[in-house]
Amino acid sequence: MAWFYLIIASFGEIFGVASINMYLKKKSWRWLITLIASFAFGFYFLALAMEDIPLGTAYAVWTGLGATGAVIMGVVVFKESMNVIRALFLTCIICGAVGLRIVS
Amino acid sequence: MNKYWNMIFLAAAFEVGWVVGLSHAYNVFTWILTGICIYVSFHFLIMASSRLPVGTAYAVFAGLGTAGTVIVEIFIFGEPFQLAKILLIALLVTGVFGLKTVTPAAEKKGGLG
Chain A
1 MAWFYLIIAS FGEIFGVASI NMYLKKKSWR WLITLIASFA FGFYFLALAM EDIPLGTAYA
61 VWTGLGATGA VIMGVVVFKE SMNVIRALFL TCIICGAVGL RIVS
Chain B
105 MNKYWNMIFL AAAFEVGWVV GLSHAYNVFT WILTGICIYV SFHFLIMASS RLPVGTAYAV
165 FAGLGTAGTV IVEIFIFGEP FQLAKILLIA LLVTGVFGLK TVTPAAEKKG GLG
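Each protein sequence line maps, in turn, to chains A and B.
Okay, so the first sequence: first residue is 1 according to this note's numbering, each after it adds one.
Okay, so the second sequence: first residue is 105 according to this note's numbering, each after it adds one.
Please keep in mind that the hints were generated in silico from the structure rather than gathered at the bench.
Just so it is clear, the structure is predicted and the values come from calculations on it, not from any experiment.
The C-beta atom is built at its ideal place from N, Cα and C for all residues, glycine as well.
None of the hints are false.
Per the computed footprint, the stretches of chain B lying under chain A, defined by three or more beta-carbons under 8 angstroms from a beta-carbon of chain A, are: (1) 144-153; (2) 157-163; (3) 170-179; (4) 183-192; (5) 200-208.
Construct the entire structure; sequences and hints are all you get.
Laid out in structure tokens, this is it:
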């Protein structure tokens, strides 16, 4: 169940990033509240997952899934441009962050 | 363009503040400070996302926040110094500056900025 919570937590993060974009487009209070709620929801499920999964592992998976998901969501849903070089640099950032969460 | 990247760097700096705050805050004042950091970091992240691709902005924000937190934990809270940490931070920073160089200035998304 903890791993399921962790996946929900990552989706909270991805949906939160999508809400940032929607808020910037629509400038409505509804999207601002959705934005805050999704990140809060994500953190809550991250905390639930951490009751069973070691802290470093949980953080690493959450960071990796969340950041990768956010990038893919941006390209697929919002048609943001992407190319091999940018994908490579993004991979460096995500691998660096996930690695740090694991060794810390 | 540079202005929006600087906003992500600021957002990440304040992220370090609240991540450290969440685990080390010990009284009302430090909790209020943590709350302010959460607000300011998201404020700058949203501002930066108005011109930069939102997925990229978030990945840089999360990555730099992680690196910054690890550095603060080593220098201020006495966490062990490991070569692996330095190498991973170097990899992450390479990614950030590489992206900064090649990411195109995006179109304006809303009325902000």
